[in-house]
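Chains as they are written, first to last, in our numbering: chain A, 10 to 184; chain B, 10 to 184.
In case anyone wonders, no lab produced these hints; they're calculated from the structure. Some hints here could point you the wrong way.
Since the list gives no way to pick out one identical chain from another, each pair is judged satisfied if it fits inside one copy or across any two copies.
[Said to hold, decoys possible] Below 25 Å or equal to it, Euclidean Cα-Cα: the simulated DMTMM-like pairs (lysine to aspartate or glutamate) are:
| # | residue 1 | residue 2 |
| --- | --- | --- |
| 1 | K77 | E63 |
| 2 | K77 | E40 |
| 3 | K77 | D115 |
| 4 | K117 | D54 |
| 5 | K77 | D127 |
| 6 | K77 | E46 |
| 7 | K111 | E46 |
| 8 | K39 | D178 |
| 9 | K111 | E180 |
Model, not experiment: these values are computed from the prediction.
Protein chains: 2
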Amino acid sequence: MMSSRILPLQPLTAAAFAPYGDVIDCASAKEALSINEGHTTRFHDLAALDLGREGGHPLISIFRSTPKARPLRLELMERHPLGSQAFYPLSGNPYLVVVAPKGLFDQKAMVAFLARPDQGVNYHAGTWHHYSLALGGVSDFLVIDRGGPKDAAGANLDEVRLDPAMTIDLEEAEL
Amino acid sequence: MMSSRILPLQPLTAAAFAPYGDVIDCASAKEALSINEGHTTRFHDLAALDLGREGGHPLISIFRSTPKARPLRLELMERHPLGSQAFYPLSGNPYLVVVAPKGLFDQKAMVAFLARPDQGVNYHAGTWHHYSLALGGVSDFLVIDRGGPKDAAGANLDEVRLDPAMTIDLEEAEL
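For reference, chain A alone in the conformation it holds in the complex (with noise of 0.2 Å):
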């Protein structure tokens, strides 16, 4: 039997997730702006979006996301070396952001991010991340990503097996 190792889980900050990607939310926006007569804050332009790479254009689907088993077992990474991709959570529930660094991926390097209920993420093109990990029972996420012309032929998708797995202990965070 394959071993396992426990990642340990801490909370989403923007500075903390900055060398993975952006913290959509409103406390991370650089500027707010008063709009529609007044009835409206703009919290404006919260993520780098990239999805123009290589006739690439900008996508809006939902993601209808099942919790995993537990315990929590991580086997798969993946990362869009062509775009950015950005989920917003719309279920009311907390979710797991699982990345590594860009670049060579570096299992050692892993880090586990827990993302409250207001907290959208937005991977960089290239960020390694786990596919998306809802909490609490089946969650939507709104996700802006990038469409393009090579999609069918893999070219924005790479995927890496963890050895050995590893695991988050969701108890321990009494989630």
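Assemble the complex: chain A is given as a structure, and chain B must be docked to it using the hints.
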């Protein structure tokens, strides 16, 4: 005193909204893909985004909108000639979507929709619309629209004053 006219309210459906833009919800998806080792359904490409004209690029922002005072009186419509603008509600509240066809503004052609908390909208470039009309309390919306070099000069915003003002009878609609 300026007189006003009552604008009837209808449910938001993809078919009724098609002349103005897209309804962003899972039910409107043309494609639903199983991804992430079966843990996620991707409701794919839910809006016709148009964000690249004349040096434009996509932005993600959060709009925090306060409901207008009642009786709800509409006095202003706007359009973005250079790009689409998508709204997805984040606060679990319904909201209003008020539009008029592209081209020369025709007040008699205005239409008001009631959007559910699980429905986003994407206004196509040039569609006349009222600014975001929250219901039920201060509401956040994730907004995907166009940033561009000429925005400061108002190149992507036209406004028109209504004459007479229009009202929506929210009590009649039990809102």
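Tested hints:
In this assembly of identical chains, the alpha carbons of K77 and E63 never lie at most 25 Å apart, being 34 Å within a copy and 44 Å across copies at closest. For the identical chains of this complex, K77 and E40 are inter-copy neighbours only, at 24 Å across copies versus 37 Å inside a copy, given an alpha-carbon limit of 25 Å. For a Cα distance limit of 25 Å, the shortest separation of K77 from D115 inside one copy, 23 Å, qualifies, whereas the shortest one across copies, 52 Å, does not. Proximity of K117 to D54 under the C-alpha cut-off of 25 Å is found in neither arrangement, the shortest distances being 33 Å within a copy and 35 Å between copies.
Within a single copy, K77 and D127 get their C-alpha atoms as close as 21 Å, and across copies as close as 24 Å, so both meet the 25 Å cut-off. For the homomeric pair K77 and E46, the shortest alpha-carbon distance between copies (10 Å) is at most 25 Å, but the shortest distance inside one copy (45 Å) is not. Only between protomers do K111 and E46 lie at most 25 Å apart by alpha-carbon distance; the minimum there is 23 Å, versus 43 Å within a single protomer. In this assembly of identical chains, the alpha carbons of K39 and D178 never lie at most 25 Å apart, being 34 Å within a copy and 38 Å across copies at closest.
In the homo-oligomer, the alpha carbons of K111 and E180 never lie at most 25 Å apart, since the shortest distance is 30 Å inside one protomer and 54 Å across protomers.
Checked against the numbered hints given earlier, the structure breaks hints 1, 4, 8, 9 and satisfies all the rest.
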